[in-house]
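A.B. asks: Chain residues, written in single-letter form:
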Amino acid sequence: MMRSSVLVSAAVATLLVSASLVEAADNGPLKVGFLTVRSGALAAGGRQMEEGLKLCIDEHHGEMAGRKIEVITADTAGQPAVTKTKAQELVERDGAQVLIGPLAAFEALAIDDYIRQTKTPIISPSAAAEDLTQRKLNPWFVRAVGTSAQPYHPFGEYAAKELHYKKIAIIADDFAFGHEIAAGFQRMFEQNGGKIVQKLWSPLNTAEYGTYITQIDPSVDAVFAAFAGGNGIKFLSEYKNYGMQKPVLGSMTTVDEGILKRMGDEALGVISAGWYSAATDTPTNKKFVAAMRKAYGADPGYYSVGAYMACQFLNNALEQVKSDTSNKEAFMKALRNVNITDSPYGPVKIDKYGQPILDITIRNVEKKDGRLQNVVIKTYPSVSQFWTYGAEEFLKSPVYSRDWTPAK
Amino acid sequence: MRTPTFNWVLWLLGLAALLALPWLVTSEYYINIASQIVIAAILALSLNLLIGFGGMISLGHAAYLGVSAYLAIYMTAHAGFGQLSGALIAIGSTTALAMLFGYLSLRASGLGFLMITLALGQILWGIAYRWASLTGGDNGLGGMKRPHPFGLDLTHPAIFYYFVLFFLGLALWCIARFIQSGLGQSLQGTRDQPRRMRALGYNVWLIQWLSFVFAGFWGAVAGLLYAYYHQFVSPQALHLTTSAETLLMVIAGGTGTLFGPVVGAALVVILKNVVSAYITRWLILLGAIFVAIVLFMPEGLLPGLAAWIHRLKECLHGDKKTTGVSAITKDRV
Numbered sequence: 006m007m008r009s010s011v012l013v014s015a016a017v018a019t020l021l022v023s024a025s026l027v028e029a030a031d032n033g034p035l036k037v038g039f040l041t042v043r044s045g046a047l048a049a050g051g052r053q054m055e056e057g058l059k060l061c062i063d064e065h066h067g068e069m070a071g072r073k074i075e076v077i078t079a080d081t082a083g084q085p086a087v088t089k090t091k092a093q094e095l096v097e098r099d100g101a102q103v104l105i106g107p108l109a110a111f112e113a114l115a116i117d118d119y120i121r122q123t124k125t126p127i128i129s130p131s132a133a134a135e136d137l138t139q140r141k142l143n144p145w146f147v148r149a150v151g152t153s154a155q156p157y158h159p160f161g162e163y164a165a166k167e168l169h170y171k172k173i174a175i176i177a178d179d180f181a182f183g184h185e186i187a188a189g190f191q192r193m194f195e196q197n198g199g200k201i202v203q204k205l206w207s208p209l210n211t212a213e214y215g216t217y218i219t220q221i222d223p224s225v226d227a228v229f230a231a232f233a234g235g236n237g238i239k240f241l242s243e244y245k246n247y248g249m250q251k252p253v254l255g256s257m258t259t260v261d262e263g264i265l266k267r268m269g270d271e272a273l274g275v276i277s278a279g280w281y282s283a284a285t286d287t288p289t290n291k292k293f294v295a296a297m298r299k300a301y302g303a304d305p306g307y308y309s310v311g312a313y314m315a316c317q318f319l320n321n322a323l324e325q326v327k328s329d330t331s332n333k334e335a336f337m338k339a340l341r342n343v344n345i346t347d348s349p350y351g352p353v354k355i356d357k358y359g360q361p362i363l364d365i366t367i368r369n370v371e372k373k374d375g376r377l378q379n380v381v382i383k384t385y386p387s388v389s390q391f392w393t394y395g396a397e398e399f400l401k402s403p404v405y406s407r408d409w410t411p412a413k
Numbered sequence: 004m005r006t007p008t009f010n011w012v013l014w015l016l017g018l019a020a021l022l023a024l025p026w027l028v029t030s031e032y033y034i035n036i037a038s039q040i041v042i043a044a045i046l047a048l049s050l051n052l053l054i055g056f057g058g059m060i061s062l063g064h065a066a067y068l069g070v071s072a073y074l075a076i077y078m079t080a081h082a083g084f085g086q087l088s089g090a091l092i093a094i095g096s097t098t099a100l101a102m103l104f105g106y107l108s109l110r111a112s113g114l115g116f117l118m119i120t121l122a123l124g125q126i127l128w129g130i131a132y133r134w135a136s137l138t139g140g141d142n143g144l145g146g147m148k149r150p151h152p153f154g155l156d157l158t159h160p161a162i163f164y165y166f167v168l169f170f171l172g173l174a175l176w177c178i179a180r181f182i183q184s185g186l187g188q189s190l191q192g193t194r195d196q197p198r199r200m201r202a203l204g205y206n207v208w209l210i211q212w213l214s215f216v217f218a219g220f221w222g223a224v225a226g227l228l229y230a231y232y233h234q235f236v237s238p239q240a241l242h243l244t245t246s247a248e249t250l251l252m253v254i255a256g257g258t259g260t261l262f263g264p265v266v267g268a269a270l271v272v273i274l275k276n277v278v279s280a281y282i283t284r285w286l287i288l289l290g291a292i293f294v295a296i297v298l299f300m301p302e303g304l305l306p307g308l309a310a311w312i313h314r315l316k317e318c319l320h321g322d323k324k325t326t327g328v329s330a331i332t333k334d335r336v
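Chains A and B, in that order, give the protein sequences. Reading the first sequence from the start, the letters are residues 6 to 413 in the working numbering. Reading the second sequence from the start, the letters are residues 4 to 336 in the working numbering.
Treat the hints with care, since some could be wrong.
Just a sample of chain B residues kept apart from chain A, beta carbon distances all over 12 Å, derived [as the list claims (entries may be wrong)]: (1) Ile34; (2) Ser88; (3) Pro152; (4) Arg180; (5) Gly204; (6) Leu213.
Okay, the calculated bits of chain A under chain B, using three or more residues with CB under 8 Å as the criterion [said to hold, decoys possible]: (7) 77 to 88; (8) 92 to 106.
What the hints contain is simulated information worked out from the structure, not anything from laboratory work. For each residue, glycine too, the CB sits at the ideal point set by N, CA and C.
Just chain A, with the same shape it has in the complex (with noise of 0.2 Å):
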C-alpha cells in the first residue's frame, strides 16, 4: 500500500512537471542529464568531472547562447545497469534534451542503443574505448576526449624516432582500456623499428606489483607502464622500491594530474602522451588551470578536463543553432560540426565519425613551483584517431585487443 501511495505521488509530481515542460517546449532552460559517478571505485574520477563541468557550466554564468543551462545530475554507481536506469531517469522523467557522460566505456556502450532509440544526443566526456567512434558508429554520440589509443601512434612513433628505444616491454591494466592503449603504442613502435619483446597484464585491482615488476626483461631499454584509475601510484611507487633503473613511459593516465598530486619523486622523468597536460603553455589554458585551482585547489586532470570540454562542445553546438534545440537532427550536425579554435586542448574539430581531431603533447614529469608537472616537450598537431592511416584502411583491421600482434 505504501509503495502505491508513493507511486501515485510520484505520479502526480510527473504530471506536473510534464505539463510544465509543455509550457516551456523552446525557450525555457535547456535541461542537460549529467551520468557521473558516486560512488563505488569509479568515484574519484567522477567527483572530478563534476568539479570540470561545474566550472564550465559557472563561466558561462549558467546560461549558453542566451538560454539557460540546467544540469541535472545523475549517479550510476559505475554499473552498466544501473548506467540504463539513469539515463531512462533523466530523458524520461526529467525530460533531458542532451545527455553529458557516462565515465567508463562499459557505462557508455550499455545505454547505446537507449540513445539511439530514443535519439538523444549524448557528449562523452570521458569513455574513450575506440569503437564508438569507429565500428560501432552511433549518431548521436560525440566525444570530448581522445580515443583510447589516440596519443599512442604519435608516442609510438616519438619512443622509437627520438627517444631511439629498440625494445621495451609493456605492463598495462588488463581491460579494454590498458589493451587499446598497449596496442596503438605497439603498432607505431613496430612500425618505425621498435620491438616489444613482452606484455604483462596486470588485473584492475592488482594489490601491489611486486610480481609484475620482477618479471620485467632486463634487456629492455623502457618498460611502457599503462594504467588507469590510482594503479599508477602504486605501479610507479613499487617500481622505484624495487630498485629499477630502467625508464619509464607512461599513459596519459599513469601520470595524471587528478593522481600526479599523491605521487613524490618517483614519477619525475615519466615520460607520457596525452590530449592535454595542465602545463600546457597556452593563456587559454592557463587561465582554465588558474580557475580550477581557485575552485578546487588542483591541477585539473583527465576527468576534469574532458567534463569541462563536453561542456564547452555543447555550448559550440548551441551557439551554432543559436540556442534552438527543437530540431534534433539540426542540433546534433552542430555537435558533430564543433570546431574549437582555443581551448585547454588548443584547437578542437570534429572528424565525421564524432571524434575530436587534438594536438597530442609528449610530456616530462617534472617538479616545477612545488608540484609535480606534466611538462611538455613535444607537440604532435592535430592528431587524427587513425592517426596517418586514411579511416577505410583503419577501420579494415579488428578493434585493438588483448590479443593483438602478440609480443615476439
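Fit chain B to the known structure of chain A by using the hints.
C.D. replies: Structure of chain B alone, referenced to chain A:
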C-alpha cells in the same frame, strides 16, 4: 487469523494495482523501474526455492541470470539465430548448466555448498571478463533487439511490463504448485530433517538436485528477460555483487514465503535506482534498512508485517487465544 474473504479482496486489489500500473504513473521511467522489479523478483523467487524451501544458501545465483543473458544476446545478435531459437538455447543451456552446477555443489551442504556456488559463480565471471572475443570482455555484449512475439511490440515500455509480469505470474504459479507438490513437500522435509528423510527412504540428493535445476531454470528465465530489458550484458551481471543483492532481496523480503522475494526485489531495486537519485549514500541507507529488518523482523518484511498486523488485530479484538507465532507458520506456505 485472517478471514479468507479479506484475503481475496487484498489479492484482487494488489493484482488490479499491478495491472493498472502503466495508467497510474505517467512517466515511462516508472514503468521501466517496475519491469526491472519484476525481473529481479523472478530471480529472487528462484533463489528462494533453494534458500527458503531447500535450506541451501547459494552465493552464485547470478550465474543463471548472466549465462542466460549472455547466451540470448550472443545467439540472436551475433551468431545469427532467430529470437525463438535463441531464447530456447539460452534457457535450455542454462538449465543444463544448473544440472552440472547442482551435481558439483550438492556434494557438500551448508558452508561447503555456499563456497562451491561462490567459486562456480566467480569462474563464470572470470570467463565473461577474459574471453573477450566471445563476450566482449569488460565492454560487454550489446546489439540485442527485443522480440515481437505474437505481434506484441516489446519496445513499448507498458507492453514490455505486461510481458514480464506474465512471466512473474507464471513463475509464482509454478513455484506455488511446486511447493505444494510431493517433491516440494519432501524438499522442505530435507531442509528440516535430512537424516530422518533419508531414513524414511527418500533420495535426499535427488530431491535437492531436481529443485536446484528447477531454480536454475527460473534463473534462466529471469536472465532472458534481463537481456530483453537491458539489450546489453556485461560481466557485472555475473558478479558476486549481483548474487549477493539477490540474496539480500530474499532475506529482506522473507525466506520461505512465496511473495517475500517479490517485496525484497521491489525494496532493493527502488533503493538502488530511484532513491539513489535523492540520496548519494543510498548504500548506507540500504545497509541501515537491512539491519533494521534483521533486528525487528528477523523473518523478513512480509512475515514480519503479517505478524505485526496480527498483533494489532489481537490488541483491537482483545483476542489472545492464538499466539502470533503459530499464525505466522501457517501463513508461510
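A.B. asks: Determine which of the earlier numbered hints do not hold for this structure and return their numbers in increasing order.
C.D. replies: Hint 1 alone not satisfied by this model.
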